[in-house]
Every structure is written in structure tokens, then in C-alpha cells.
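K.L.:
Just need the whole structure built from these sequences, with the hints factored in.
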Amino acid sequence: MEDKIATAEKKVLVEMVRLTQKRGMRGSEGDWKEFLNSRDPKFGASMSDPSKRPNDLLIAFLKTFNKEDDLMFLDKVLQCNEKRNFVKQVSQITPGNESPEQKLVRLTLEHPQYPLEYSFPSYDKEWVVTKFSQKSKGPNSNLIYAIDCEMVLCEDGTENLVRVCMVDRDLQVKIDELVKPRKAIKDYRTDITGISPGDLDGVSCSLADVQKSITKFLSHGRTILVGHSLNNDLQALKLDHSRVIDTSFIFKYSNGSIYRRPSLSKLCKSVLGYDLRKEGAPHNCLDDAQAAMKLVLAKLESKADDTIAIADEDTPQVGMEKLLLHRIPINVPSEALARAIHGDFTIELKPPKKGQGGDIYSALAIFKNPKEAQQAFEEIEGSADEDSSGRPQKLIRFQHSGSIVSIYVRKMGQKDFADKFSSKKRDLEVIENIVMSKKQKTDNKMEIETISNSSKCCNHVEEVERLKQELKRKEDSTHCCDHVNEVESLKEELRRKDYELSILRKTITIVKKDSKKKKGKKRLGSLVDYCTNLAGAREKGVRLPGLIAEEWYRVWFAPTASIGAYS
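Under UniProt numbering, residues 1 to 567 are what the sequence shown spells out, in order.
Everything labelled a hint here was simulated from the structure, so no lab data went into it. Note that the structure is predicted; figures quoted are calculated from it, not measured. Warning: the hint list may mix true and false statements.
Said to hold, decoys possible - Each pair of labels, with its calculated beta carbon distance range: (1) 506 - 378: 31 to 39 Å; (2) 142 - 69: 31 to 39 Å; (3) 350 - 395: 13 to 21 Å; (4) 18 - 509: 36 to 44 Å; (5) 131 - 258: 29 to 37 Å; (6) 67 - 171: 41 to 49 Å.
As the list claims (entries may be wrong) - Computed cross-link-like contacts, DSSO-like style, restricted to lysine-lysine with a CA-CA straight-line distance of at most 30 Å: (7) 368 - 278; (8) 103 - 216; (9) 294 - 131; (10) 52 - 22; (11) 52 - 33; (12) 174 - 76; (13) 33 - 4; (14) 238 - 103; (15) 269 - 350; (16) 180 - 63; (17) 238 - 266; (18) 33 - 63; (19) 131 - 76; (20) 294 - 4; (21) 252 - 212; (22) 67 - 212; (23) 180 - 212; (24) 322 - 103.
Each residue gets a CB set at the ideal place from its N, CA and C atoms; glycine is no exception.
P.N.:
This is the structure we're talking about:
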């Protein structure tokens, strides 16, 4: 450990010292400030910023930690830094110099959703970070294992690992273990996991046991781990591994958003030509692991395209008689959903997806025909929005057990998705044209873009005024306690709309200025300021209209976000 610390880069040492401060860690000479007071009589703790201190002093402080838990934590920080270096190393590899396996790793790491989905709390006590082999000369390795996990819902609303399977490149089983959850189980999800209470009788295998078994196969750090939505499996295993291939990232729909990922069943049908499981049958952990490996092998053997066609069941002709109700709080029974939507329909509960939190669920409202479903959606009074794939939905609120409940209602059908996505792209016309700074643009185009944003801005002004009127009406009746929660919700929505309005006004200002300037440093400065504002809003959790926040963050910040995903 001391050798690793002594050879670490300055930025890593600074990060380690700051983390010890954040966690309140104390070495043999106290915490960081106490250490400075004893080692530096001149400045002491008055200059406590570790980035302004020399490496020798930082190393000396870190070497004062000798407790086992502290040393394990510092070792994890060093391992996570090695992981970030690996991501950076992958991004610098010339495509012609990488193996087919490494190409799939790179495609996973470069996916826009990778930084979000694969940012784990790796420093936490139960987490294991796989170690890198210093003997390996590069990231290329042909050793591959595929993994899949099943989880049960616990009493506290969290999910715990209950089964894990791992197969090698030849589809031979390496691990197939039932795991005893650490917490009391509320729902075995037998229809999904295929596991019932009796299956766990006599099971003693723990999470730590499984982690130890898996890390033996990943011991040299260059082994590739494969899975479908692998981040959910790693989260359940509390395992952080850098060299991964996510089959939900390396395949995409031919006419869909990159953020809409195909399911494992759909990939098996479209790419491999077989049904993963019969309709209504529970998941089989082993089958899923083998299917993920088969998909990777098909890619390596050039038997599979990068894109897959939208299957018949995804077309607008099928499913249009349904509305999807999702993010429903678990304490809201399905019978209460009838009050949320008008019309004649039946409710069908949807099984939870792997990795979905246990505090929410989804359901389908099935109407007699698409026309009735469309009419019911249009009559819903709620905030218009879209899901992560751009499909139209509405946020609605209704009263249940004395409190206000919020759920989303989404339309079905690919056509709606395509139309909405196109609309969102039109809303971003100004931004997209600014990004294309190398192309010559006329004053007429800039004027059209400004008008487009002005129209958008006017719409938001009207929306803000509407919300203010509704809020005033609700506040006038706050003597009824049932309205208190709804008033607070409206206030929050009003604040969000005000912020969106300020962003749109700033966009118009930038466009007007940009139309009068020639390309140069001033244009770039305006863009950087604007992007910084958007990024700041994103970090604060402010929801911005349409694709603005997502597109700007991806265009300007995604190249560095993947490198710093584990910082």
C-alpha cells in the first residue's frame, strides 16, 4: 500500500486526502488539519487545501493510516483511479489496433448512458473493486465471462441478490449459486425469478461468498465481463469492474433513439433467431447469461449487425389500445388507478423490470380500441412530458388516503415516439445550428431560429401564468388540508417552468447576438457560458425542456464524463 501511495499522481493524492476529510478519518497523527498543525508550525491548518500542498506532505499524511478498514478504503480509491485510467486508455486506442473484443468494450464505454449507469458507490464498505494487473501490456484480452443475476424485494423496499449465474465463452457453467439475502424478504417475485421460499431452505451462500467466487475469474483485471443491462447485475453484486460489454449498449434500433435499448428477448429473436423464453414464463438466470454470451459471439463472428429492425409488436398497429401507467407508488393499489383516467378500461399489472426499485410499479390500462385510448389520454389533465425515449406522457396527480399521489401515463406506439422525437429536434434547431459552427449560416436562418425560440418562450410564459392562476386558486382553498400537498407540488412545478423560461430567454439572447457576429472567440465564449449554465442546472436536478439538457450535456460534456464517471 505504501508503495502505491508513494507513486500515485498528485491529483490522486489530493482526492484521497479530501475523501479522508469527508469521511472524518483519523490517522495516527489525527485528521488532516491536526496533522498540518503538528507538521507545519508556520502555516498549520490555515492552508488546508491539499492541492496547494507538496506531494511529500500528502504522502506522509496518508501513511499515518494503519487500521484495516482505512487501508481497504484507500486501496479502493487507488483501484478506482486505475479504472479511470483504463477508460482514458481505451478512448485513445486507434480503432485499427484493437481486437474485436476490445471494440465491443469501447462501444460500451462510449455509449452516452455509460457514465450514468456505471457510476457506482464503489467506496462503500461492502463493494469490491476488481484489481488491475500491472503485468498486462495493454487492455486487449480474449478471456470473456457472461453473468446474470436475479433479485428479490426486501421489506425495506431495497433489492437483494438471490441467484447468480456465470458462463464462459464456450457457454459452460462456471457459477450457479442461490444466495441468502441479508434482509427480510417481502416479495420473492416468483413469476419473474422462478424462485419460491422453499428454494432458499438450507442456503448459506452470502453476498461476500459470491463476490469472492467471481473475483477469482476476474483476478488479473483484464477479463471482460458480459451482460445485458449489466449495470443492474453489478449493482446487485456490489462489484465494480472496468472491462465490460453491455449487450443493451452495443445493439440499437434502426429507427429509434439511442436511449431506447432493446430487451434481451427481442435481441434473441432478432439477432439469434430464437425465443429466449415462452410468453409468461419466469426468467432463467442461466439462460439469460448464455444468451448475452451468444450475442457477443455473434458480433465477434460478424454474424450480427449493429442495428436491429423494429419488430412487429413495436409498430403503432399493436398496443395502441393501451396506456402505460408507470412510477406508481407501491402503496397505491391498482383499484385506485381507475380514478386517475376516464373511460372504460381494465387494469393489467406489469411485472417489475430487473433493477427497478421496489417502491414503484407499472400497469397497463387496456381499452376496447385505440380510439378510446387516444381520447382518454387527451382528456387527462396533467403536465405534458416525454419518457427517456421521447414518447409522449403526462404527469397526473390524484388524491389517495389523504395525500396527493403523482404517476405518469404514457401513450403506446412507435409513431408517437418518432413524431415527438422529431418535434424535440425542431425545438433544438437553434442549438444544433450553433454547434455546427464550421458551416456558413445566413441572417435569414438565424432570424427563423430566433422566431422559433421566441414562440417556444411565449408558450412557456403562458404556461407559467396558467400555473400561477392555478396556484392562487389552490392557495385560496388551503383551509382544506387535502390541498396542501397539491399546492406544494404546483409551487415546485412553477419554479421549474420559471427556470425553463429563463433558459429559453437566454437562448434567444445568444442567438440574436450570434447573428450579428462573425465566428470567433466571442461565439465560443457564449456557447461555453450557456453550456455551463445547462450543466449546472442538470447537476442541481432541474428538469429542462425537451432534449436541451440531455443534448447539450452529451455534446459538450460526455467526452469527459466517461473518463470521470468514477470520480
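K.L.:
When you check the alpha-carbon spacing of residue 180 and residue 63, does it fall within 30 Å?
P.N.:
violated (38 Å)
K.L.:
Taken at face value, is the distance from the CA of residue 76 to the CA of residue 131 at most 30 Å?
P.N.:
holds (9 Å)
K.L.:
Hey, residue 238 versus residue 103, does the alpha-carbon distance stay inside 30 Å?
P.N.:
Status holds; Cα separation ~26 Å.
K.L.:
Within 31 to 39 Å or not, the Cβ separation of residue 506 and residue 378?
P.N.:
holds (33 Å)
K.L.:
With a cut-off of 30 Å on the C-alpha distance, tell me whether residue 252 and residue 212 pass.
P.N.:
violated (34 Å)
K.L.:
Next pair to validate is residue 52 with residue 33; report whether the Cα-Cα distance is within 30 Å.
P.N.:
Holds, at about 14 Å.
K.L.:
Going straight from one Cα to the other, do residue 174 and residue 76 come out at no more than 30 Å?
P.N.:
Holds, at about 26 Å.
K.L.:
For the pair supplied as a hint, residue 294 and residue 131, confirm whether the alpha-carbon distance does not exceed 30 Å.
P.N.:
holds (27 Å)
K.L.:
Mind checking the alpha carbons of residue 238 and residue 266 for me, to see if they're no more than 30 Å apart?
P.N.:
With a Cα-Cα distance of about 28 Å, the restraint between residue 238 and residue 266 holds, given a limit of 30 Å.
K.L.:
Under the criterion that the straight-line Cα-Cα distance not exceed 30 Å, is the pair residue 180, residue 212 satisfied?
P.N.:
holds (15 Å)
K.L.:
Measure nothing beyond the straight line between the CA atoms of residue 269 and residue 350; if it is 30 Å or shorter, mark the hint as holding.
P.N.:
holds (21 Å)
K.L.:
When you check the alpha-carbon spacing of residue 103 and residue 216, does it fall within 30 Å?
P.N.:
With Cα atoms ~25 Å apart, residue 103 and residue 216 stay inside 30 Å; holds.
Hints 16, 20, 21 and 24, counting from the list given before, are not met by this structure.
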